[in-house]
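Working from the sequences, and respecting the hints, build out all of it.
Chains as they are written, first to last, in my numbering: chain A, 1 to 190; chain B, 1001 to 1344.
I should point out that these hints are in silico values taken from the structure, not numbers from a laboratory. A few of these clues could be false.
[As the list claims (entries may be wrong)] What the simulated footprint calls covered on chain A by chain B, stretch by stretch (three residues with Cβ under 8 Å from a Cβ of chain B suffice, anywhere in the stretch; the number is not a length):
(1) 10-17
(2) 44-56
(3) 83-96
[Stated by the list, open to error] Partial pick of chain A residues on the chain B-facing surface, computed with a CB cut under 10 Å:
(4) D68
(5) F70
(6) S71
Think of the CB as a built atom: it goes at the ideal place given N, C-alpha and C, for glycine as much as any other residue.
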Amino acid sequence: MNRRGFIGGALALLAGATAGLKAKLAKAASRIRPPGAKLGDFERRCIRCFRCAEVCPPKAIRFHSGLDFFSADLPFLELDARGCILCMKCTEVCPTSALEPTPGDPAAVQAKVKMGKPVLDRKKCIPWAGQGVCRICFYACPYAGSAVVLVGPQQAPLFEPEKCVGCGLCEEACPKLAHAIRIVPPEVKG
Amino acid sequence: MASARRPERAGRQSALSRIGPADLFLKRARRYQRTRRLFLSLSVALVFLAPLWHLSRNELDSAGLTGGGRWVGLAARVPHLELPPLVGAPWTVELLGLEMLDPLAAAALLAARSFDWEVAIGVLPTLLLVVLLGRFFCGWLCPYLPLLAASNAARALLRRVGVRLPEVRLPRRAPLFLLAALLLATALGGTQLIGLVYPPSLIGREVFRAVFYGGLGGGALVLLAAFLFDTFVSRAGFCRSLCPGGALFSLLGALSPIRVRRAKQACTDCTLCDVVCNLGQQPMSDRLDSGCERCGRCIAVCPTGALKFEVGRAALSAGAPARPVPSRPERGRGAPLPRGEGGA
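Right, here's the structure in full:
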């Protein structure tokens, strides 16, 4: 193989890889990222150092494993297993500002953090389905009263997606039999 | 291996004692090796201690929830002290309040146009060290070195039982091209890819994963591939011609004033230094380039103390022509050795 062929092949390979990566970017957006992450900017900045997970007190941060080169070792949250307690320690230790530094007080967090938004399945939700009073999500929510309010005689939860930061404490708390609440990434429609 | 070689070296010393006080050099070289191994042990220890320490600091019950509780018992024994902040592994570490970032990470961030002041401050100390000391990280701190040592031992063992191992030499510029390709892919693809093929970063992550979550990820396969490449294809081939970090450090440290120099009068052309070098440097024929990792093993192994580190401008100017000499009559193994001025 001559030099021109080699360089041409290498460039073609690179172009293919780049196109593949762009496609993966869209797919990766379907995961909940730790607080302070901004879509696109986060993927460009995260050097996969794992420091966020190291300091995370509730061990809510997990990592993609496997050989998927785009999202391998990027941090995400599995909120139905464990919600984010909004301590903002991960944004403190992030060396590249992939997670934008945010003070840990509730007002600042609500102003800056948007990990996802809540989607409630009213058919599964105990009070909405008329099966009784539950209120667990209301008690779990750090912004109860603004991000979630209770309505009606069954005291059913009503979410305000604009006020919600997406910490997922309600998703973690929601009875597993019901599993009515899901936090979806802010970009996802639904 | 070292103990097996010692009697041989002692014999050489007595035979060569008329040349000079080699013992003095040997003592210093051994102290250098001890210091280097201490740094290396600390670096490897850090990779394991940082996750264990954080596992002990954070809620143990929730750690047990995610990790299957495998390491929690061990983590519970780590003293629960309010130590200065220790976060991260060699790739990016905050140690005693000092933030340090791998120059390779900074280069990749630069390629992805997300370089900022925080990154600049983090990379400053390490960049300074690399410019001053060249590729020292590879010989002093890289947590892949224990694996490389295992690979070399496996090679020696295989050769002893009669297995023929190839010694593939990739082109000299290959690591630079690979580094450039990776940086280009980072710039175009919009994600930080380099950490996925860079052993110090991979090892930090896989150890963390094992400690925190009780399992290994795809990075372990990359590490295994590097190990197998080093063992069966080319000695230290990954470090020499594939590692993007090594390529970058060679580039940044090209003007480092610290070089291995040979006293021609004392050199007996025994080739021990050329053989001991993992990275293909040839101190015996003064062929050293910026790929030298300053591990000093060639100095420690020299029976006559002909090699030593030199610092300063003299070393710089003398070290400059260390690029491949235009005339190379003695290339390859088995060719007649160069008879230098001190050769005997």
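Consistency of the hints with the structure:
1. For a cut-off of 8 Å, the count of residues in the segment 10-17 of chain A with a CB near a CB of chain B stands at 3, and the three-residue condition holds.
2. Counting residues of the segment 44-56 of chain A whose beta carbon lies closer than 8 Å to any beta carbon of chain B gives 12, which reaches the threshold of three, so the coverage claim holds.
3. Only when three residues or more bring their CB closer than 8 Å to a CB of chain B does the claim for the segment 83-96 of chain A stand; here the count is 3, and the claim holds.
4. Checking D68 of chain A against chain B by beta carbon gives a least distance of about 8 Å; that is within 10 Å, so the hint holds.
5. The beta carbon of F70 of chain A is positioned within 10 Å of a beta carbon in chain B (closest approach about 6 Å), and the interface hint is therefore held.
6. With 10 Å as the threshold, the beta carbon of S71 of chain A comes within range of chain B, its nearest partner Cβ sitting at about 8 Å, so the hint holds.
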